[in-house]
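Just so we're aligned, residue 6 is where the first sequence starts under this note's numbering, counting upward by one.
Honestly, I wouldn't trust all of these hints.
[Said to hold, decoys possible] Dumping the calculated BS3-like pairs for lysine-lysine here, alpha-carbon to alpha-carbon at most 27 angstroms:
#, residue 1, residue 2
1, K372, K321
2, K401, K321
3, K28, K90
4, K291, K71
5, K194, K181
6, K147, K180
7, K90, K147
8, K139, K194
9, K141, K160
10, K141, K181
11, K89, K181
12, K401, K291
13, K180, K90
14, K160, K204
15, K235, K28
16, K160, K181
17, K337, K379
18, K181, K139
19, K194, K71
20, K204, K180
21, K71, K160
22, K235, K321
23, K235, K181
24, K141, K180
25, K26, K291
26, K141, K89
27, K321, K337
28, K277, K291
29, K160, K139
30, K379, K392
31, K337, K372
32, K141, K235
33, K321, K379
34, K291, K392
35, K277, K26
36, K401, K337
37, K28, K71
38, K204, K71
Note that these hints are calculated values from the structure, not bench results.
Source: prediction; values computed, not measured.
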Amino acid sequence: MENKSLNGLFQDLLENDPIFKNKEVLRPSYTPDLLLHRDVQINNLATILVSALRGETPSNILIYGKTGTGKTAATRYVGIELEKKSEEMNVSCVVLYINCEVIDTQYRLLANLARQFGEDVPMTGWPTDQVFSKFKESIDSKEQVIIIILDEIDKLIKKGDNVLYNLSRINTDLKKSKISMIGVSNDLKFTEFLDPRVKSSLGEEEIIFPPYDANQISDILRDRAQIAYKNDVLDDVVIPLCAALAAQEHGDARRALDLLRVSGEFAERENKSRVEEEHVRNAQDKIEVDRIVEVVRTLPTQSKLVLYSVIYLQNKGYRNMTTGQVYNIYLKFCHNIDTDVLTQRRITDLISELDMLGIINAVVVSKGRYGRTKEISLSVSISNVRKVLLEDNRLKSLESFNPPVVSQAHL
DNA sequence: CCTCCACCGGAACGTGAGGAGT
DNA sequence: ACTCCTCACGTTCCGGTGGAGG
6 MENKSLNGLF
16 QDLLENDPIF
26 KNKEVLRPSY
36 TPDLLLHRDV
46 QINNLATILV
56 SALRGETPSN
66 ILIYGKTGTG
76 KTAATRYVGI
86 ELEKKSEEMN
96 VSCVVLYINC
106 EVIDTQYRLL
116 ANLARQFGED
126 VPMTGWPTDQ
136 VFSKFKESID
146 SKEQVIIIIL
156 DEIDKLIKKG
166 DNVLYNLSRI
176 NTDLKKSKIS
186 MIGVSNDLKF
196 TEFLDPRVKS
206 SLGEEEIIFP
216 PYDANQISDI
226 LRDRAQIAYK
236 NDVLDDVVIP
246 LCAALAAQEH
256 GDARRALDLL
266 RVSGEFAERE
276 NKSRVEEEHV
286 RNAQDKIEVD
296 RIVEVVRTLP
306 TQSKLVLYSV
316 IYLQNKGYRN
326 MTTGQVYNIY
336 LKFCHNIDTD
346 VLTQRRITDL
356 ISELDMLGII
366 NAVVVSKGRY
376 GRTKEISLSV
386 SISNVRKVLL
396 EDNRLKSLES
406 FNPPVVSQAH
416 L
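Make a model of the complete structure from these sequences and hints.
Okay, structure coming up:
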């Protein structure tokens, strides 16, 4: 009996999908067959890499651009096309893709590369240089051109850049095969931290991916929406609105696609057959709230305490509080939960960090006779943040702790 | 115009954890 | 197994400052 109703429950939900045709194409992991408004960059890439098909070593390339500007998609796309063509021409050419955010140490990177050539390298245990020579050995077994795409290469720099140095010099040790690298970076200034030798070798060619403007994002969204959504379920304002909102966020196409997908999910949840403006607005809010919640959840305890102090004061009706007020409350909270107490100097920095994260507003103002301080206020809704903060075991007991706020005469 | 508040924020230093080199 | 380095996090010390009130 219960089984039947359960079946029925899911059956209803399955049949009741009046909106989506293929939601996957709205996810960031999807690589489209056609990349709009990136012709220049793709042509550039192809022009540089074409020498691989002639058996020559292509120049190393550095690719810059902010998140959601199509760097990864374009690079992968060109990689795939290159491999296709090389197969056709019977030239040995391999394109490897590595995401340095996941694989973030010298050892892991080399081990991963070696493994892609069928070498059996353990997760840990070998000396790094042994892995390196194993890798060289295996690729040098035949004539081939190898192109390594290092996505999020800036993540690798912080861990010391000898990997890059070693890799950039690898060609001198190879007899038959040739290696060239493509570094992909979000950070426009990351070469500043680079060893100059690596810098000049890696940055032989540079390609910049500018942010999309609202019209370009519209085009991209229209293109994907055709595949993702059933015909005529999107209200006319939906795509322009998603595009405009995302263009404000520095032309981030990923954000735009997220918006479009979440909007659809909102409409779906309400059993509507059309996606309307309201759903996009809700989606925008939800994405922003999710972001804040995630940031707050992963804050270090001390920052959480500072933030909780701000919330506490705001709840007591204080509008623009000063660093001193926040610090006083913070002291009481620290005492209450028996944790380390930081100096006011440090709290100033933590407040600035929270400001940068967009969780609070902090502006330095002068109150004349009454000194110079930061005016602090929360820039997100109290209830969500408060709930997330109280999820932290160490802050839990503060819920029922109500210290008085020291009043200041000039307020 | 000067004072003086209540903090800002730079600089130098201390510490402990974790990685790389040997 | 050992030292050496680096890096994040904090502290101490302190010179600097916009503007209300005198």
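For each hint, the structure was consulted:
1. K372 x K321: Given pair K372, K321 holds - Cα atoms ~22 angstroms apart, limit 27 angstroms.
2. K401 x K321: holds (19 angstroms)
3. K28 x K90: violated (30 angstroms)
4. K291 x K71: holds (23 angstroms)
5. K194 x K181: violated (35 angstroms)
6. K147 x K180: holds (9 angstroms)
7. K90 x K147: The hint holds at about 19 angstroms.
8. K139 x K194: violated (34 angstroms)
9. K141 x K160: Holds, because 24 angstroms separates the two Cα atoms, which is no more than 27 angstroms.
10. K141 x K181: The hint holds at about 11 angstroms.
11. K89 x K181: holds (22 angstroms)
12. K401 x K291: Judged against 27 angstroms, a Cα distance of about 25 angstroms means the pair holds.
13. K180 x K90: holds (24 angstroms)
14. K160 x K204: holds (15 angstroms)
15. K235 x K28: The given pair, whose Cα atoms are some 10 angstroms apart, holds under the 27 angstroms limit.
16. K160 x K181: violated (31 angstroms)
17. K337 x K379: holds (20 angstroms)
18. K181 x K139: Roughly 15 angstroms separates the two Cα atoms, so the pair holds.
19. K194 x K71: Roughly 11 angstroms between the alpha carbons, so the hint for K194 and K71 holds.
20. K204 x K180: Distance ~24 angstroms between K204 and K180 Cα, so the pair holds.
21. K71 x K160: holds (14 angstroms)
22. K235 x K321: violated (50 angstroms)
23. K235 x K181: Outside the cut-off at roughly 52 angstroms; violated.
24. K141 x K180: holds (10 angstroms)
25. K26 x K291: Holds, because 23 angstroms separates the two Cα atoms, which is no more than 27 angstroms.
26. K141 x K89: Measuring from Cα to Cα gives roughly 25 angstroms; hence the hint holds.
27. K321 x K337: Holds: K321 and K337 sit about 15 angstroms apart, inside 27 angstroms.
28. K277 x K291: Within the cut-off at roughly 18 angstroms; holds.
29. K160 x K139: holds (25 angstroms)
30. K379 x K392: Given that 27 angstroms is the threshold and the Cα spacing comes to 26 angstroms, the pair holds.
31. K337 x K372: Satisfied, since the Cα-Cα distance of roughly 25 angstroms is no more than 27 angstroms.
32. K141 x K235: violated (50 angstroms)
33. K321 x K379: Roughly 19 angstroms separates the two Cα atoms, so the pair holds.
34. K291 x K392: holds (16 angstroms)
35. K277 x K26: Distance of about 15 angstroms is within 27 angstroms: holds.
36. K401 x K337: Holds. K401 to K337 sits at ~15 angstroms (cutoff 27 angstroms).
37. K28 x K71: Holds, at roughly 25 angstroms.
38. K204 x K71: The hint holds at about 20 angstroms.
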